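Visitor: Residue numbers (my numbering), protein chains in the order written: chain L, 245 to 400; chain S, 44 to 812.
Hints are computed from structural coordinates only; laboratory data are not their basis. None of these values were measured; they are calculated from a predicted model. Glycine is no exception: its CB is placed at the ideal position from the N, C-alpha and C atoms. Treat the hints loosely; a few may be bogus.
Unchecked claim - Each computed DSBU-like pair below joins lysine-lysine, with the alpha-carbon atoms no more than 30 angstroms apart:
1) L:K329 with S:K49
2) S:K71 with L:K262
3) S:K578 with S:K592
4) S:K65 with S:K338
5) S:K723 with L:K247
6) L:K329 with S:K71
7) L:K329 with S:K578
8) S:K736 with L:K362
9) S:K154 with L:K247
10) S:K723 with S:K806
11) S:K723 with L:K262
12) S:K100 with L:K247
13) S:K49 with S:K578
Stated by the list, open to error - Cβ-to-Cβ under 10 angstroms is the rule here; a few derived chain S residues that face chain L:
14) D55
15) K71
16) D73
17) G74
18) I227
19) P236
20) G697
21) V703
22) D728
Said to hold, decoys possible - Just the calculated beta-carbon pair ranges, DEER-fashion:
23) L:T326 with S:K806: 35 to 45 angstroms
24) S:K473 with L:T326: 54 to 64 angstroms
25) L:K262 with S:K218: 49 to 59 angstroms
26) S:E618 with L:K262: 54 to 64 angstroms
27) L:D361 with S:E729: 24 to 34 angstroms
28) L:D361 with S:E416: 56 to 66 angstroms
29) S:G585 with L:D361: 55 to 65 angstroms
Residue-level listing of the chains:
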Amino acid sequence: MNKLPVTLTVNGREYNLKVDGNERLLDTLRQRLGLTGTKEGCGVGECGACSVILDGNLVNSCMVLTGQCTGARVETVEGLGTAAKLHPLQQAFIDYNAVQCGFCTPGMLMAAKALLDKNPHPSEAEIRQGLSGVLCRCTGYKQIVDAVNAAAGEEG
Amino acid sequence: MDTVNKPARRVDALGKVLGESKYGADLKFDGMLYGKVLYTPYSHARILSIDTRSAAKLPGVEAVLTAADVPGLHTFGTVVPNQQVLAKEVVRYLGDGVAIVAATSPALAEKALALIKVEYKELATIFDPEEALAEGAPVLHDDSPGNIAAHHVLEKGEVEKGFAASDIILEREYKTQLVEHAYIEPEAAVVVPDPGRKGITVYGSIQNPFSCRKALSRMLGLKLNEVRVIQSFMGGSFGGKDEVMSAQCARAAMLALKTGRPVKMVNTREESLREGYKRHPYKLKYKVGVTREGKLMAMKIYIIADAGAYTAQTPFVTWRSVVQATGPYEVPHVRTDVYGAHTNNCYTSAFRGFGSPQIIFAQESLMDELAGELGMEPLELRRLNGYHQGSVTATGQTLDSHQVSLSEVVDKAVERSDYLRKFKEYANQKGRFRKGIGLACSFRGCSLGAEGVDATGAMVSVQYDGSVYVFAGLAENGQGLQTIFSQIAAEELGINVERVRFMETDTANIPDGGPTVASRSTIMGGNAVRIAAAKVRETLLGAVLGKLKASTEELAWGKDRIWVKEDPSRSISFEDAINEACSQGELLTELGWYKAPKVSWDDSHGQGNAYFTYVYGCQIAEVEVDTETGYTRVLKITAAHDVGRAINPETVRGQIYGGVAQGLGYALLEEVQQHEGEIKSKNFDEYLIPGIKDMPEIEAIIVENPDSYGPYGAKTIGEPTLEMTAPAIASAVAQATGRRVRQLPLDLERVLLGRSLQQDRYKRREGGC
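Kindly produce the complete structure, drawing on both the sequences and the hints.
Guide: This is the structure we're talking about:
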């Protein structure tokens, strides 16, 4: 199969790749770049565990082909913050007990970041709308909403 | 208390928010191969032949194995070992695997599966559990005549006498559905052959590492010390990653042993839904007798649970049902029969609640219906019959060794939800959108009860720089166990919780302490941690007696210090105390082992002290129903739970919110569509779980009546949180619409028409439309 040349930026670092036409962005991140923070839960764009930010927009990385990403700017959970300098959303998720099993957490964080990047002071309804593409089975979402709300307040 | 009963940050949160925590599918090893399973296309068939030759010839395929290659026994199971790692002669449901492949990529493994040729002879199938128990039904297992996977009886008093003394007798039938755990992380495991010696190391999303180890040892013909299971981070489990993980790990292990290379197996969501076990659907027939004044006299209960193809935990799940089927109410005369029936459906086993959500849906719906018949308010009927201190349960157990707090949790939920006012307000409504409020309560036995041996261990190891390890046989599944155990260790040692590092559960490092089930972690494992940490503390106190010139009884500890109670200026830091102990050659590592208090059970009559303690809860749901579409919007859930003592109030709330969300899904959205054994809900586009916009306001009320057996009085919270949400919603819907739905879930069709059209659709489709 012919490989497609792709140049894309992930968390600020540029990569020059040659990928198969059917390679999903999710696989590129997880297998090729070793960025396993982005999770696969369903493979059909329903659960949002694989949510990343692509050119400023939240996408399910299982539904995006890497071959289409030339010139794109991708943000994943690994680019959000570090242990020494957590992103306010990460800190709020810890402080508000918004994490249980943690499998949806990276997707939730990226959905929240995509939301706050566009709308720094969302209402609760807007937070719920912004996170509605990510499923969580543990938390009942309440502490996640509280965390995003708190992080938004802090950034403002 | 410095640490317990206070909020503490989850000790596992940092790695999770950074995306650094490694789950099963994230692991990678040099030379790793990828395994895949070939499933049967028939629900019940005899395997005539399997030809793996062309698959094996495919370049990059390193092994193709079948049941003939299983090194040990090809079956496993906690109660009756009839589940197959790979089907040997007969397949019994569409999730049975018949062959496995290891290849250099998952795509190549898939390709190889398509080349395996299997010849089957179809056998007669049975999909209806009632028909499965009838005479002449095809039998799935030779050692389970009549397809009986379980049968529990309970007899208290004389039920016919009770009916004779009743003024009103009501008979009702309820049904609950097949439900999927829907953990967001599909099953994943990696098995690595031990270099230079016989044995394997197993990593993955394994809820119960010791159950997994036992199953693997049996199937692989390895000693227990040759199978090391190390739990990876778990992307949710809720009871769901037990048997299915034993099967996956055993298959990966077969391939790893055959090839000498690490083998990874990760299920797609479709495979997970096809193979993974689910919550038992129940059919429940209740007959209840009551006096005109509303006093319950008799209850006769007949339940059939669909066990599916294999026994798994069905005998235990249905046992909890038989113990709790009459609810938290005094009933002098009871007869209960609970059957688990084998069918060619997907097998069913543990799922948060474990046989309680089904019976609570029935018994709480029944109480409301009975109240209607009596012209009483549902709350009044419950107050009249509800358990109080010294009540005798259906199993003949006198509830006098713990605080029976049913009325307290009910009162608190009623007050905070403004139930009484709203119940009156919503009684007579007109118009398209109508509101309703419903109440449900429960009692729940903590831990395993008379189900089996109940003991567990933990190890606390203090290092000479003042840092501390905690190891436990029970495992973190996302519920917060690591944090709770760390808090308990810190409390007992009198130190900051930041000093504690909780190590992942590893079967090589700690004794088998049973499974992480039955909401037993805090009450059982918490006690084990407390015992271990207290032993180390006693050593430390003993080591500093000379320095502080005091006896043990005169010492106090906390905030990283030990001091003399009467003269706090005579004190020593935690580090200095450790130095003292080390210089005296003392051991600062201890194992704590906790055995549950005695319980009893007479199987022939279903009588005994089933559990050593119980928890009580009450949930109230407020809904608005669109009477033109059947759409039900939940406006608020008020949930009051007696937890004994909240070790960490924030994680308790997290459990309540999450349990209520699963209960809401059970009530309104979730049903695995299964037609003639085929799972029709193949992914999350067809199996709907509550999303963030489905969730209403939840008010969590923590009630604390410390229990004499629990660590610091703590009991249980994981499972009770979801078990009464559905009946509360069902009763709220019944008030809003004036019509009771007796079958879950209350989807649009059932709320609007009183029945689901789904099965009709399958029939029509088969008819060629």
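Visitor: Hints numbered earlier in the text: which of these fail when held up against the supplied structure?
Guide: 4, 5, 7, 11, 16, 17, 19 and 23
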